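Residue 207 in full-length UniProt numbering is what sits at position 207 of the sequence shown, and the numbering runs on without skipping anything.
The set of hints was computed from the structure by calculation and includes no laboratory data. Everything numeric in this text was worked out from a predicted model, so none of it was measured. Ideal placement from N, C-alpha and C gives every residue a C-beta, glycine not left out. What you were told as hints is all true, and nothing was included just to trick you.
Distance ranges between label pairs, derived from CB positions:
#	residue 1	residue 2	range
1	D273	D162	39 to 47 Å
2	T7	E266	19 to 27 Å
3	V95	K289	38 to 46 Å
4	D200	S247	13 to 21 Å
5	E34	K289	35 to 43 Å
6	A293	V268	21 to 29 Å
7	E34	D269	23 to 31 Å
8	Y61	Q280	26 to 34 Å
9	I298	Q151	36 to 44 Å
10	W141	I38	35 to 43 Å
11	E147	A31	27 to 35 Å
12	N109	G187	15 to 23 Å
13	R60	A31	25 to 33 Å
14	T130	S247	17 to 25 Å
Listed next, the in silico SDA-like pairs over lysine to any residue satisfying Cα-Cα at most 20 Å (straight line):
#	residue 1	residue 2
15	K44	I55
16	K102	N166
17	K279	V268
18	K281	S265
19	K44	R110
20	K102	T163
21	K249	A293
22	K289	T5
23	K296	Q228
24	K10	K302
25	K158	I168
26	K289	T7
27	K234	E299
28	K281	N264
29	K302	T257
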Amino acid sequence: DHWITETDIKIIFELGCNVLRVPFWYRNFMADEEGTWIHENFDKNPGFKRIDWIIQMAERYGMYVILDLHGCPGGQSMDHCCGTLARNSLYTNAVCQESMKKLWVAIANRYKDTSTIAAYDIMNEPQNNTGYEGENSYDPWKQESWEMTNQIYDSMIKAIRDTGDNHIITVEGIWRVSNLPDPREMGWTNMMYQTHLYDDDQGFKQWVEDMAATMSKYGVAGYIGEFQNLNGIKMCEENNISWTTWSYKGTNNDVGTFFCYFANSERVDVEKDSLEIIKQKWGEKIETKNFDAKNKVIEYIKNSTRISSIK
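With the sequences and hints as input, model every part of the structure.
Have a look at this one:
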């Protein structure tokens with residue numbers, strides 16, 4: 001109710017952007033890894049209510065939405081960004097896989113005829129395990145991890161298509177798009193291949209060229225779903241690759257060109273803070289009007305955007 005409001009959608013639209021990549025966690029919808037819905041009536045389920053709202057806002061401003069499952073049951077990597085830390089148990093846990101499938105099938109059934117949705121992003125940064133050790137810390141640069149990831153993709157894609165949903169589906173090759181299989185051999189249709197690039201200009205150029213070659217080889221659309229090197233925008237545009245930066249706003253660490261808006265907001269301590277304190281910290285204080293604008297980032301994006309397809 002405060003972190004992202006209609007004001008933010010209007011700001012993003014006025015930057016010249018025409019798509020919102022919306023990250024969500026399975027626990028926005030489900031109470032546990034077993035797939036128990038928080039509310040069986042999806043009109044009252046908090047996850048679906050929030051997606052309904054963002055779709056409504058996007059429609060109001062003539063924009064599209066990419067639904068990004070940022071955190072899967074069991075965790076799809078060792079990294080904190082999936083909502084768990086150092087677990088990565090999705091690939092070997094059949095219960096978690098079924099819960100993930102249950103969620104994507106429910107999303108597809110609810111939104112299959114919603115033209116405002118540009119794509120489904122099956123799972124964010126699978127096997128982002130660099131720097132972690134221990135059980136399930138598969139090497140993201142080795143074939144073993146790619147094969148496990150692609151098996152999950154295949155299962156989810158087939159489940160979504162079985163509902164009759166023909167939206168674009170985007171799958172992420174982390175950290176290279178060549179980790180992904182030939183979609184024709186897999187029976188995948190209407191696909192957009194994606195990677196995330198946190199590289200300098202030289203590295204960004206190399207991986208963008210790799211993406212362009214993959215697009216030509218496999219007949220898929222290409223998408224850089226996360227990056228913060230603003231020079232990458234021009235490289236994407238020159239290669240007909242869609243893009244979204246990460247991220248619109250942030251707190252605690254003012255890291256270069258990551259954010260359009262930034263603030264040193266008070267952290268919530270979920271173990272010690274009372275509900276009232278949490279409401280205060282996550283109340284009006286975190287609205288964008290109380291954040292500092294990163295004008296260099298804002299102006300760069302504004303000067304780089306052009307309304308066409310997905311950008």
